[in-house]
Every structure is written in C-alpha cells, then in structure tokens.
Amino acid sequence: AQKITQTQPGMFVQEKEAVTLDCTYDTSDPSYGLFWYKQPSSGEMIFLIYQGSYDQQNATEGRYSLNFQKARKSANLVISASQLGDSAMYFCAMKGGSQGNLIFGKGTKLSVKP
Amino acid sequence: DTGVSQNPRHKITKRGQNVTFRCDPISEHNRLYWYRQTLGQGPEFLTYFQNEAQLEKSRLLSDRFSAERPKGSFSTLEIQRTEQGDSAMYLCASSLGLAGQETQYFGPGTRLLVL
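If you read the protein sequences in the order shown, they are chains A and U.
Take 458 as the starting number for the first sequence in the numbering used here and just add one per residue.
Take 569 as the starting number for the second sequence in the numbering used here and just add one per residue.
Note that these hints are calculated values from the structure, not bench results.
From the three backbone atoms N, C-alpha and C, an ideal C-beta is built for every residue, glycine too.
Be careful, since some hints might not be right.
To be verified - If you want a taste of the chain A side facing chain U, the calculated C-beta under 8 angstroms gives, among others: (1) Thr484; (2) Asp486; (3) Pro487; (4) Pro497; (5) Phe504; (6) Leu505; (7) Tyr507; (8) Gly553; (9) Leu559; (10) Phe561; (11) Lys563; (12) Gly564; (13) Lys570.
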C-alpha cells in the first residue's frame with residue numbers, strides 16, 4: 458500500500474532563515490510523483506513543487522527546493538529565506554504511476570517568527 | 569481568474585438534508601478530482617473523472633454520495649441524507665491528465681457543516 462509520512466506536526470522558524478520539512482513515502486510502483494502543497498488558513502491547497510521518480514536532479518521552484526533521496530524514500534521540502542507569509546500547513550503527497558489520485562500525509566504546520 | 573472554482577464556499581445544513589456542490593475546473597483540464605478533508609488531516613481521495621467518465625471511486629464514497637461530470641466540464645458532488653460525520657472541507661482539483669503533466673490544481677473548497 459502507498460503511504461506518506463510527515464513526522465513533524467509543527468515547526469517554528471525565524472524569519473529569513475531556511476527550514477526543512479520532512480516527508481517519507483512508501484510505494485511499490487517504480488514510477489511515481491511527489492508533490493508539496495501549501496494550505497493557508499483560508500483552506501485552498503496551493504501547489505508548490507513536483508519531483509518525478511525518474512528525475513535525476515532535485516526540483517527547485519524559487520525559494521522551494523525538494524531534497525529527493527530515492528534510496529531513503531524521502532522527499533523533504535526546503536524553504537529558503539522564510540517569510541511571514543510562509544506560515545501555513547504544508548502537505549506532502551504522492552501519486553503512483555498507475556493511479557489517478559494523490560495520497561497525502563497529515564501535514565506540518567509551519568510558523569514563521571518575526 | 570482561470571483557476572479551479574467551487575460553489576458554494578460554505579454550506580450549513582441540518583442532518584438528513586441533501587446538499588450539492590459544484591466544481592468548475594481549469595478549462596483545458598480533462599481530469600477532475602474530489603477530495604474530503606477533515607480537521608487535522610490531509611485530504612482524502614473520493615473520486616475522479618477523465619472527461620465525463622468516472623474512472624475511480626474510493627471506498628469512502630458511500631451510497632449517499634454521488635458525483636457527476638455530464639459534459640466533461642463542471643462536476644457536481646451530491647450528498648444525500650447528510651450525517652454529522654459528513655462535516656468536512658470538500659476539495660476539487662483538476663489536471664491535464666498527461667504523462668509528465670500530472671500536477672493537480674485545487675479550488676478553494678466547500679466547507680460543509682452538518683448540524
């Protein structure tokens with residue numbers, strides 16, 4: 458069965474510092490995709506970054522980068538230069554190659570301190 | 569705004585009533601997904617459509633739930649005889665459905681409260 462694990466219920470980071478949010482996954486599919494979404498208190502899920510299982514390089518999108526370690530089955534999100542607006546819930550998700558839906562972790566609540 | 573839209577944004581109903589939610593996907597997206605999110609949890613998959621065909625349904629989608637996408641554009645999710653346990657955020661997402669372009673983009677959600 459496919460599973461996403463986020464072990465950090467909450468994290469604090471000082472403004473302008475970098476923070477790493479952990480995500481481990483389990484799947485038997487050789488082809489899969491890993492996603493990170495941000496959910497502010499308003500409720501909308503905002504897509505941040507995607508990593509394919511066959512991608513050779515770690516994905517980057519502006520201040521977001523994904524530290525993909527395939528052998529360890531981890532896909533940690535790194536946010537550089539944190540901003541107050543980064544305070545939100547962050548969800549890691551996976552899509553197996555043969556299925557349509559995303560499987561989500563329980564999320565990590567990030568709080569950025571001024 | 570060309571993103572995913574959902575209506576209504578909030579719905580309060582009494583137990584036993586029927587409710588219907590609407591989702592309008594990004595116009596060129598042929599896949600449409602419904603998820604449910606309860607407090608403190610990540611979204612859980614309910615069902616998805618490829619154009620007008622409903623391709624997959626979760627075991628979470630009981631007989632009281634039905635979803636349609638009649639013309640392959642907007643979709644509706646109906647809950648009959650609502651129960652208090654149905655109180656949740658209902659999220660809709662859409663994607664292009666092409667290999668390598670599988671990112672799902674979400675709407676703002678519909679918050680349902682069953683009294």
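Okay, the hints, checked on the actual structure:
no.	hint	verdict
1	Thr484	violated (15 angstroms)
2	Asp486	violated (13 angstroms)
3	Pro487	violated (14 angstroms)
4	Pro497	violated (11 angstroms)
5	Phe504	holds (6 angstroms)
6	Leu505	violated (10 angstroms)
7	Tyr507	holds (6 angstroms)
8	Gly553	violated (11 angstroms)
9	Leu559	holds (6 angstroms)
10	Phe561	holds (3 angstroms)
11	Lys563	holds (5 angstroms)
12	Gly564	holds (6 angstroms)
13	Lys570	violated (22 angstroms)
In summary, the structure is inconsistent with hints 1, 2, 3, 4, 6, 8, 13 from the numbered list given earlier, while agreeing with the others.
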